[in-house]
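> Chains as they are written, first to last, in my numbering: chain A, 1 to 270; chain B, 271 to 950.
There may be inaccurate statements among the hints.
Stated by the list, open to error - Only pairs whose alpha carbons sit at most 27 Å apart, straight line, appear in this in silico DSSO-like list of lysine-lysine:
(1) A:K171 with A:K120
(2) A:K22 with A:K184
(3) B:K943 with A:K22
(4) A:K218 with B:K734
(5) A:K171 with B:K748
(6) A:K184 with A:K41
(7) A:K185 with B:K924
(8) A:K227 with B:K924
(9) A:K120 with A:K142
(10) B:K748 with A:K227
Hints listed in this document are in silico derivations from the structure and should not be mistaken for laboratory results.
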Amino acid sequence: MKSDSNFIVSDRPYILRISAQKGGVGKTTIAVNLSVALKLKGYSVLLVDADASNPSVGLHLGLENSTGGFIDLLKGKANLEYTVITHGPTGLAVICSPISMQAFGMNEHEVEVAYNTLKKSDYDIVIVDTQPGYFPDVITRKIDHTLIVTNPDMPSYMSALRLSEYFSSRKVPNMLLVNRVSNKKYEINIKEIRETYEGEIAAIVPEDEIVPVSIASKIPAFLLSPKNRFSKAILDLAEKLIEESGIPKAGDSAYITKTDKHKPGAGRKK
Amino acid sequence: MNLHAMLMSFVIFASIAILPSYSFASSNSSSTLSANVVVGCPFSLSMDLPSNSLTVIPEYGNYLISYELKPLVNCRVPGMDGKLLIESSNGSIAESESASVKSFNSLVNGTVGFNASELEIGNYNASLGFKNNQTENSITSAFTVLAPVSIVLKNFTVSSSVTIGSPVNFYIELSNIGNYSPSDIELFINSTAPGARIITNDVKNITAYPSTENVTLTEYGFAGKPGTYTAYAYAEYKKSAHGRNYTKSNVLNFTYTVNLPSHSAPHPITVPPTPIPKIPKANLTTVPLYLTSVPNATIGTSIGISNPSNSTETINFTVPSYLSNIVKLSENSIALSAGGTVSVNLQINSRNLSSGIYNIPINVTATLNNRTSVYTDYVTYSVSGKEPNKPVINTAVELLNNTNDGYIVVSISTPSNVTITNGTAITYLPQGLIPNESYMDAYGVPNNITESNGYYYIEWHISKLGPNQNIYAYVYVKRPSSQLLMSGITTNIFVPTSSTASILRLLYVDSPTFRTYGNGTTEVELLYTGSYAENITFGLTGPYYMTIHNSSQTVLAVPNQVLYIYFNQHAGGIAGTSNEKLYITAPNAALNYSVALIVMPSPVNTTTTTTIKPNALATALNSIGNVARKYFIVLIIVALAIILSLAYYSYNNKSHYKRDRIDRIESIKKQIKRNLDEKR
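Generate coordinates for the entire structure from the input sequences, incorporating the hints supplied.
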């Protein structure tokens, strides 16, 4: 694994963690739609719902009836292939988390084993949607990049700044995504964010009514209305991620086996 | 010389002198030989190779040769040992087997075997001989050991240019290097392509060596994604007509690349849909793609097939045995005449199925002149949760006629305790599916189509549907942009009921006091607290003398949204008090509300009428001009005021760059860093 400017270049799969210290900023919306965008670009994508407190990937994709999922992987009750379900309309591979009243706990060892399993998988990209707050240090060693999601308001931006400092102190590459921007009077101006945020700002995603509509209809907004401004921002983010992260072009490594990818010239560009 | 010796000498002499010394019988079709030797009690010997065949196949293993011995005169032959020798063409003994007979005075027979699997391919002699102290006899028959069927695959290639979704042509050469014609040859091709299935193709008419057959197969589903794939080909066959087990040929592989289309895709959503596969000698005209249902319900769809060839074909439809209780086909086997078409109904019962998504394979086999093609169609079947005492809506999506046009069938059925009166069902089509409304046609049930929030809304108007009845509505979608979006088509039904549901909360209703022949607006405020975005229909009815211009309005509400609805009304000439009825319906919820209606008589105006002499035209124009100017100036002033207000409002409501806020953020950042440093 080596660093390439702000991005990490690593062996497949490329693990991107969607983070926020504050809840309700749109992590899952971004995770779901970014996953769909990358999938439709031809990549082999696994979306993992690792939000123990309020899992909602299933609600976005109409897979809310799934059981087990990430908790089974975490607790060693099932292998990766038995926890992955396929989202029919897109073919996206998804590991859901059960919707229950009680958040499931996880210790460092379980988390490390689960992330090791994800890192050994054959997907091009693994996107992990996480719960708000911090997480065990062990994860920082397993992920390639973190996308911190914030809204243009003081509380969520402050928590994003804290999270960015936290990641930077542990040498985890991170970038910021400002979600639900409607340029209202009470919002922090984007220029102010650009001036005060020391890391990279990956995307500015506008507020769009298609998002609640898509959640209600269980069809990702990117699929439902591909030409609207929200989808355009997600597509730009996906392309930026592909271009700058060193993920191979779709198809280059689609069927490289575990053995093949260690051969010279195979897999990710070096 | 004693008497006994003298007698023996006489018998031998007499035998040689009287009887023909040797007889031989053989033909091309029979290996029967007989020999008589007059020594002691002379006897004849004959033998038959199995099935009178002069050829044997090594894989048969043991071959039994039957033989017969018979005294030539009225005497008893003593017991004898015999030997079967299998002699190769170069004179070496390949096998030696023993046989024996007990003393006999009439016909006896027996068998002796040799192991064909020990023999190499070539020509052999089988020699069987018996002897005792006094007599001996032997017989020889020629036979050939032939090579069994042996299929060798060569020259496996794939069409040179393969793009996503295109058919893949597989070319392969089958050679039979055996001396027999095989039976039941099946050619298999599989691939590392995701979702690719093993295809089989029967090749039955390949003859014995040195025959070769070139096979070309055009298959879909082997190019679903760009990348490099490896296809594998092999054959399985029975070595002979009597063979029980299948033998596998050599396996060949060929690596091919699936490319993106030469033109750049304008947007990732335009992934080319997978075309409907074609079965050689039969065309699928309708393929089920996606079905939705609720538990304990039955949904029907169909598979259409046509026979473009000039002879009758046999078409078989099967589902795996584990689905036999769930999937029922109207036909399992059809003899389809040349040029004919047929539609096979498929009934899927969701009884005992929990909610989820199922893939149902349906095997379609077309047989013509003993050549069989097999195609498996997968129907995605989604079972959702059921709400009791509600109409059941099923949606089926099919693809048509190899054009990839979509065909949506919405069936609405009522359980035994539900009647729908003036109900509305709405089918939602994602807007990304088609370029515009002209690409779809909705029929079967009266409907109208609107467009909003990323969807086309097809409203189906159901005047009445009694208990245990069903109706069907159809939508034809021309060239859908993506099959993926077809699965996003859903239908909801809105049935007015008298029950009040908590998801609709009427916050405010205000109806003005009308004057006869006057206008007024009734305002309604409603809070929608449902879990999903749904369409809410507002209706207002009043007495005949009230004209309600927009008496029915439907708006899409997201959860926790307050809706503001206005009914513009015009009162007639009747004054008095009455009631108007407000109906609000949402999926699974409805409420009624009575709105008090007060119509006051218009005030009586006292006017003085002065008769004016008609003005000249110029005076009239001038008068009109003055009025127009006055109103125009007022209009300009009002418009300017509105524009300025909006501009100010818009500017004032935008986020502005603030230095003091930046200072605040920087200050907090310092605190964060300091805090982190302290922790370290």
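> Take the hints in turn and mark each one as holding or not.
Comparing the hints with the structure gives:
Proposed proximity of K171 (chain A) and K120 (chain A) is supported: the alpha carbons are some 22 Å apart, at most 27 Å. Distance restraint check for K22 (chain A) and K184 (chain A): the Cα-Cα separation of roughly 21 Å lies within the 27 Å cut-off, and the hinted pair is therefore satisfied. Restraint check: the Cα-Cα separation between K943 (chain B) and K22 (chain A) comes to about 19 Å, which is no more than 27 Å; the hinted pair holds. For the suggested pair K218 (chain A) and K734 (chain B), the alpha carbons sit about 31 Å apart, so the restraint of at most 27 Å is broken.
The suggested pairing of K171 (chain A) with K748 (chain B) is violated, with an alpha-carbon distance near 53 Å, which exceeds 27 Å. For the hint pairing K184 (chain A) with K41 (chain A), the CA-to-CA distance comes to about 33 Å; that exceeds 27 Å, so the pair is violated. Proximity of K185 (chain A) to K924 (chain B) is assessed by CA-CA distance (about 4 Å); at most 27 Å being required, the pair is judged to hold. With a CA separation close to 25 Å, the supplied pair K227 (chain A) and K924 (chain B) stays within the 27 Å bound.
Distance hint between K120 (chain A) and K142 (chain A) is fulfilled; the C-alpha atoms sit about 11 Å from each other, no more than 27 Å. Between K748 (chain B) and K227 (chain A) the CA atoms are separated by roughly 20 Å; this keeps the pair inside 27 Å, and the hint holds.
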